[in-house]
Amino acid sequence: MAGGQERILRRRIRSIQSTRKTTRAMELIASSRIVRAQQRIAGARPYVERLEQLTADLAAAPGGLTHRFLQEPEPQAPVAMVVVAGDRGLSGPYNFSVLRVAEQALAAHQSEGRRCQLIVIGRKAVGYLRFRGMRVDHSFTQMTDRPTYEDARRIAEVIEAPFMSGEIGSVEVVSTRFLSIGSQRVERRRLAPLAEDMAEMGRPFDYEMEPERAQLLEVLIPLLVESRLFLALLEAAASEHAARQRAMKAATDNADELITTLRRVMNRARQDAITTEIMDIVGGAEALRQAAAVEPGEPGLPGDGRRAG
Amino acid sequence: MATFPFELVTPERTLLEGEAEMVTLRSAEGDIAFLAGHVPYIGAVQTCLVRVHRGGGQVDAAAVHGGFVEVADGRLTLLAGVAEVEGEVDVERARRALSNAESSGDEAARRRAEVRLELAGAS
Chain S
1 MAGGQERILR RRIRSIQSTR KTTRAMELIA SSRIVRAQQR IAGARPYVER
51 LEQLTADLAA APGGLTHRFL QEPEPQAPVA MVVVAGDRGL SGPYNFSVLR
101 VAEQALAAHQ SEGRRCQLIV IGRKAVGYLR FRGMRVDHSF TQMTDRPTYE
151 DARRIAEVIE APFMSGEIGS VEVVSTRFLS IGSQRVERRR LAPLAEDMAE
201 MGRPFDYEME PERAQLLEVL IPLLVESRLF LALLEAAASE HAARQRAMKA
251 ATDNADELIT TLRRVMNRAR QDAITTEIMD IVGGAEALRQ AAAVEPGEPG
301 LPGDGRRAG
Chain W
1001 MATFPFELVT PERTLLEGEA EMVTLRSAEG DIAFLAGHVP YIGAVQTCLV
1051 RVHRGGGQVD AAAVHGGFVE VADGRLTLLA GVAEVEGEVD VERARRALSN
1101 AESSGDEAAR RRAEVRLELA GAS
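These protein sequence lines are chains S and W, in that order. Once you know that position 55 of the first sequence is 55 in the working numbering, the rest is easy, because the numbers rise by one and skip nothing. Once you know that position 26 of the second sequence is 1026 in the working numbering, the rest is easy, because the numbers rise by one and skip nothing.
Hints in this document: simulated from the structure, not taken from any laboratory. No experiment lies behind these values; they were computed from the predicted model shown. We put the beta carbon where it would ideally sit given N, CA and C, even for glycine. It is possible that part of the hints are untrue.
Said to hold, decoys possible - Coverage of chain W stretches by chain S, computed from C-beta distances (three or more under 8 Å per stretch; other residues unrestricted): (1) 1021 to 1030; (2) 1066 to 1077; (3) 1083 to 1095; (4) 1100 to 1109.
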């Protein structure tokens, strides 16, 4: 009977309800983490901005200085690309939008004849790029949730030596910038050498320097690279939480909608079953009554009366 | 006394900021004091105790473990990868670090621990 369908629907609704509980919990966790992550960005940003300003000032100070960090790289020089995505899925388009920009950038470099080194952060990104047959030179996982300065330092370590020795000409980073809670954007920026837009910030005072400029730069560059990576990691973490929060909110809303629809279908099925039953009973009773009204002793209409009886 | 804007910034947060009459620290070449109107300056900072004279006898101190200092446009910016202000130092840990550093002969670690203890007023 129709009761079978009702049972199936009831089971489906229960299963969706339990999924909804999970997505709702993830949504709440993500939104609480966004707040923390935002505070960390706000804490780190002044440091990175001051350090960028200091580097730009140092570069702008009179008295020419030739240093790898202050010059445009050779057009064919190999590029190191740092790709920052997440360890986990269930975050909507977050991972993929980073990977798409990274792939485009890789293709662009290769078509212009530059070799690329890949430094990949996040399990999802590593898996994806390896699956696509790309060589991942360095990979880091388990640092995207709550990145520390130490994490940034570990990444910087694998970049600095090859850059200083000239093995790679420039370093780029592809990551998600956290503009606001409702807006994040994947960006590709240059970490080293000093990008033109940053060099323009320099204030060309006649600085007194201790120690001299070249030595200052030697110490400053690793710090600048580390701290910019740190900020990129923090912004990526906040963006991932925001993306997950949105994805999980959508999932929860969809579950709600599905539950409403299924409930409606289930109730109709139940009502249909009840109606059919009532009709059967009423029909049976009517047949019996008619059978009794005809001459006693005569059998009623075949079928109806007997079934109801 | 004339004052100038000052800030001590770390990757985690801005530790100290505001107006200062004088800031003393140890640069690559030795101890240096900054007053208002200092010429533009960029320097590396050694592990040291930074003192910020706020005026009226008030002095803020911070242990800075290496970094940079810049004076430009009359503003002093002190950047440090790691820094602590008073009340943040774990004295027990610093003492342990000091004895470890002394036995292992790690000069940089010894200096860091010393500066920490000096800040905590427990040296």
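| said: Cut-off 8 Å, C-beta pairs, minimum 3 residues; does the coverage of the region 1100 to 1109 of chain W by chain S stand? | reply: Coverage by chain S is violated for the region 1100 to 1109 of chain W (0 residues, Cβ < 8 Å).
| message | Verify this for me: three or more residues of the region 1083 to 1095 of chain W with a beta carbon less than 8 Å from a beta carbon of chain S. | response | That given contact is violated, which follows from only 0 residues of the region 1083 to 1095 of chain W lying within Cβ reach (below 8 Å) of chain S.
| Per-stretch coverage check for the region 1066 to 1077 of chain W, three Cβ contacts closer than 8 Å to chain S | holds (count 5)
| chain S over the region 1021 to 1030 of chain W, status - at least 3 residues with CB closer than 8 Å | holds (count 3)
Hint compliance for this structure: hints 3 and 4 are broken, all remaining hints hold.
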